[in-house]
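Asker: Can you make the complete structure from the sequences, with help from the hints?
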Amino acid sequence: MSSNEKQTSNNDDDSTEAIEQKKFQSRPETYNGADRDLYCWTQTISDIDVRVKIPKHIKKGKQIKVNLTKQHIKIDLIESNEIKTIIDSDLPWTIRAEDSTWSLVPGEHIHVNK
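Quick note: the sequence shown uses the UniProt record's numbering, first residue 1, plus one each step.
Simulated from the structure, these hints should not be mistaken for lab results.
Backbone N, C-alpha and C define an ideal beta-carbon position, used for all residues, glycine too.
Incorrect hints may have been included.
Now the in silico label distances, taken between C-beta atoms and shown as ranges [to be verified]:
| # | residue 1 | residue 2 | range |
| --- | --- | --- | --- |
| 1 | W93 | D35 | 17 to 23 Å |
| 2 | T44 | I78 | 29 to 35 Å |
| 3 | E17 | A97 | 21 to 27 Å |
| 4 | N67 | R36 | 18 to 24 Å |
| 5 | R36 | G61 | 19 to 25 Å |
| 6 | K84 | A18 | 39 to 45 Å |
| 7 | K59 | E17 | 39 to 45 Å |
| 8 | T44 | K70 | 25 to 31 Å |
| 9 | D35 | A97 | 20 to 26 Å |
| 10 | N32 | E98 | 22 to 28 Å |
| 11 | K56 | I87 | 15 to 21 Å |
| 12 | S15 | T69 | 45 to 51 Å |
DMTMM-like mimics (lysine to aspartate or glutamate), calculated; alpha carbons at most 25 Å apart, straight line [unchecked claim]:
| # | residue 1 | residue 2 |
| --- | --- | --- |
| 13 | K74 | D35 |
| 14 | K84 | E17 |
| 15 | K114 | D90 |
| 16 | K65 | D35 |
| 17 | K62 | E17 |
| 18 | K65 | E98 |
| 19 | K65 | D99 |
| 20 | K65 | D88 |
| 21 | K114 | D99 |
| 22 | K56 | E82 |
| 23 | K65 | E108 |
| 24 | K70 | D88 |
| 25 | K53 | E108 |
| 26 | K114 | E82 |
| 27 | K70 | E17 |
| 28 | K114 | E17 |
| 29 | K62 | E98 |
| 30 | K62 | D37 |
| 31 | K56 | E79 |
| 32 | K60 | E82 |
| 33 | K74 | D49 |
| 34 | K56 | D76 |
| 35 | K114 | D49 |
| 36 | K74 | D47 |
| 37 | K62 | E82 |
| 38 | K53 | E79 |
| 39 | K60 | D49 |
| 40 | K53 | D88 |
Answerer: Structure, rendered in structure tokens:
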């Protein structure tokens with residue numbers, strides 16, 4: 001391999017790395033967290049924020065049921081008198097559920113903060 005070929009190869013790697021970094025940084029809602037299929041999350045030393053994706057037709061709080069306990073989160077959508085669970089999971093650490101809040105961004109996501 002010539003030095004020109006090696007240089008081109010390194011530039012390709014740098015380009016791929018730059019694209020990945022730009023993609024990562026374009027999602028500030030995943031700072032120090034992750035982006036998953038149904039939700040994304042971020043954390044600081046004292047808080048965790050979770051954004052749960054919801055269908056566009058979910059516009060009112062009465063269409064959602066959020067249940068947080070010290071080691072579990074469950075989120076249900078209420079559609080046409082049917083309940084659809086979108087998250088039902090144990091938490092890896094305990095939280096103070098009484099200090100947790102959630103809010104709805106209509107047609108977009110549910111924001112859970114602790």
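Asker: Hint compliance check: list the failing hint numbers for this structure, sorted ascending.
Answerer: 3, 8, 14, 17, 26, 27 and 28
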